[in-house]
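As you go down the protein sequences, you meet chains A and B in turn. Sequential numbering of the first sequence, starting at 1, is according to this note's numbering. Sequential numbering of the second sequence, starting at 1, is according to this note's numbering.
Hints are supplied without guarantee of correctness; some may be wrong.
Unchecked claim - Straight-line alpha carbon distances no greater than 25 Å define the calculated SDA-like cross-link-like pairs of lysine to any residue that follow:
1) B:K106 <-> A:Y141
2) B:K106 <-> A:L136
3) B:K253 <-> A:L136
4) B:K197 <-> B:P216
Think of the hints as simulated: they come from the structure by calculation, not from any bench. Please read all numbers here as calculations on a predicted model, not as lab measurements.
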Amino acid sequence: MSEDISRLMDGEVGGVEDHAAWHALRQRQGMLTWTCYHAIGDVLRGEVGATRDLSADVAKRLAAEPTVLAPHAPAPPRPAAWAWAVAATLAAVAVVGWTAWSLVDATPAGLARVAAAGSMRSSEIGPTTVSTDYLLAHQEYAPSAILQGVGPYLRDVAVTREVRP
Amino acid sequence: MRGIPPALARRAASWLAPAALAVVLAAPAAHAEDAMQWLLRAAAAARSMNYVGTIVYQIGTHVESSRIAHIIDGGRQFEKLTNLDGPARELIRTRGEVRCYYPDAKLVRVEPRTFRNVFPSLSGEQRDTLSRYYDFEVVGDDRVSGRPAEVVVFRPRDGLRYGHRFWSDSETGLLLKARVVNEAGAGVEQFAFTDIKLGIPADPALVAPSWPVTPPDWRVIEGTPHDLAVEDTGWVVTRVPPGFSKIMEGYRKLHGRPDPVAHLVYSDGLVSVSVFVEPAASARAPAGLVHQGGLNVYSVRRGDHLVTVMGETPGATVRQIANSVEHR
Numbered sequence: 001m002s003e004d005i006s007r008l009m010d011g012e013v014g015g016v017e018d019h020a021a022w023h024a025l026r027q028r029q030g031m032l033t034w035t036c037y038h039a040i041g042d043v044l045r046g047e048v049g050a051t052r053d054l055s056a057d058v059a060k061r062l063a064a065e066p067t068v069l070a071p072h073a074p075a076p077p078r079p080a081a082w083a084w085a086v087a088a089t090l091a092a093v094a095v096v097g098w099t100a101w102s103l104v105d106a107t108p109a110g111l112a113r114v115a116a117a118g119s120m121r122s123s124e125i126g127p128t129t130v131s132t133d134y135l136l137a138h139q140e141y142a143p144s145a146i147l148q149g150v151g152p153y154l155r156d157v158a159v160t161r162e163v164r165p
Numbered sequence: 001m002r003g004i005p006p007a008l009a010r011r012a013a014s015w016l017a018p019a020a021l022a023v024v025l026a027a028p029a030a031h032a033e034d035a036m037q038w039l040l041r042a043a044a045a046a047r048s049m050n051y052v053g054t055i056v057y058q059i060g061t062h063v064e065s066s067r068i069a070h071i072i073d074g075g076r077q078f079e080k081l082t083n084l085d086g087p088a089r090e091l092i093r094t095r096g097e098v099r100c101y102y103p104d105a106k107l108v109r110v111e112p113r114t115f116r117n118v119f120p121s122l123s124g125e126q127r128d129t130l131s132r133y134y135d136f137e138v139v140g141d142d143r144v145s146g147r148p149a150e151v152v153v154f155r156p157r158d159g160l161r162y163g164h165r166f167w168s169d170s171e172t173g174l175l176l177k178a179r180v181v182n183e184a185g186a187g188v189e190q191f192a193f194t195d196i197k198l199g200i201p202a203d204p205a206l207v208a209p210s211w212p213v214t215p216p217d218w219r220v221i222e223g224t225p226h227d228l229a230v231e232d233t234g235w236v237v238t239r240v241p242p243g244f245s246k247i248m249e250g251y252r253k254l255h256g257r258p259d260p261v262a263h264l265v266y267s268d269g270l271v272s273v274s275v276f277v278e279p280a281a282s283a284r285a286p287a288g289l290v291h292q293g294g295l296n297v298y299s300v301r302r303g304d305h306l307v308t309v310m311g312e313t314p315g316a317t318v319r320q321i322a323n324s325v326e327h328r
């Protein structure tokens with residue numbers, strides 16, 4: 001399990017939601033491992049002070065919100081700005097991954113955010129993140145775009161499921 | 001050759017010539033040029049060929065199919081991408097702009113964007129990087145979409161990059177299939193044509209949107225034109241991974257963000273990594289790592305700024321870059 005989580009942290013696990021690493025995160029031990037790895041990373045980066053154990057809270061919240069981890073889950077009604085951000089995320093699967101990550105962010109800012117989140121749904125913390133703005137800007141300089149034309153846009157267009165203006 | 005009939009000697013020479021060529025291609029000293037020639041040929045084909053086809057994009061067990069059309073009309077490139085699975089999405093690339101149609105939301109997003117010619121401007125330094133950090137090899141022949149294809153691989157020599165396997169059309173050089181593999185050799189992401197027609201007439205109907213250019217009752221979100229100002233941003237990556245060098249730096253205005261975002265691009269000649277820095281006040285993203293297929297994105301806070309690093313590299317690479325971003 002630790003190995004799965006380590007791979008997850010290194011981005012080597014696919015966006016496949018039934019991967020063992022995602023299952024590991026739904027268990028308390030998995031969350032502890034995850035948080036621990038994050039804390040180690042923070043200490044290595046000199047971002048000390050991130051010592052609060054979030055894993056129990058986070059595991060409880062994840063367990064209470066199974067739909068958040070389901071790909072292509074229908075989004076509850078939201079303001080337009082937020083909705084566009086969802087449309088602009090890389091993909092529904094990426095939203096799932098991002099949500100899980102942001103919840104256990106162990107940086108001081110992340111801790112403060114989660115603490116402040118209190119009554120927020122986890123989905124409100126997560127998906128307003130990696131936007132098409134960044135993706136489009138990046139792809140202008142991605143050599144693969146030169147080889148494949150709009151091919152890399154498949155990442156955005158083909159798998160963007162939710163749009164709510 | 002004494003004692004061997006001249007005709008047979010000539011035959012032997014013609015058999016040996018390809019073998020000799022193969023030896024030359026395999027020589028390490030020739031790798032950088034071979035890799036460059038392959039990339040330039042594929043890039044030229046992608047810019048100049050008319051084609052329509054079905055392209056399949058695969059991440060893990062997730063598969064999506066799209067129709068793609070690309071024509072050259074009046075010296076300009078036009079491209080249309082329509083997905084075939086899930087809610088309809090359509091992307092039209094015309095003169096310096098990309099229009100994304102979301103019919104279920106009655107939404108058009110217009111981006112005044114174009115593609116930069118990264119490969120032809122590769123510096124000598126980047127050519128060296130290609131051969132120093134990747135082993136380039138022409139693996140052999142295969143078929144893709146019913147067409148003969150040449151298979152080449154770029155094998156990374158360290159854990160900071162993914163491996164790439166490309167299938168290019170033997171006749172034209174056009175990329176027919178591309179696979180990104182991780183250090184374990186497992187596929188991370190794959191694009192492949194499942195059918196393709198090459199060398200078709202440049203019919204504008206092939207790349208016309210399925211809706212009016214701007215449908216009257218749709219919402220339009222327009223990006224800011226001329227949004228990139230190339231300048232020194234003051235932001236630096238102190239621990240740039242080996243082989244990567246900066247190819248662009250500037251500020252850009254992005255939709256929904258009041259403040260300009262600093263954008264730095266690093267490349268190892270085959271892939272690129274973008275560094276975005278925005279004031280935390282306008283930042284909407286928490287810190288963390290997310291990835292889709294071969295694209296990893298890592299965000300981290302730096303004081304009152306949010307740093308987001310995005311690239312076609314393993315997670316470790318974008319993390320290292322993100323964690324070493326500082327302001328001079």
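Verification of the hints:
Between B:K106 and A:Y141 the CA atoms are separated by roughly 30 Å; this puts the pair beyond 25 Å, and the hint is violated. A C-alpha spacing of about 21 Å is found between B:K106 and A:L136, which places the hinted pair at or below 25 Å, so the restraint holds. Of the supplied pair hints, the one linking B:K253 and A:L136 holds, its CA atoms being roughly 12 Å apart against a limit of 25 Å. A threshold of 25 Å between alpha carbons decides the hint, and for B:K197 with B:P216 the separation of about 34 Å lies outside it, so the pair is violated.
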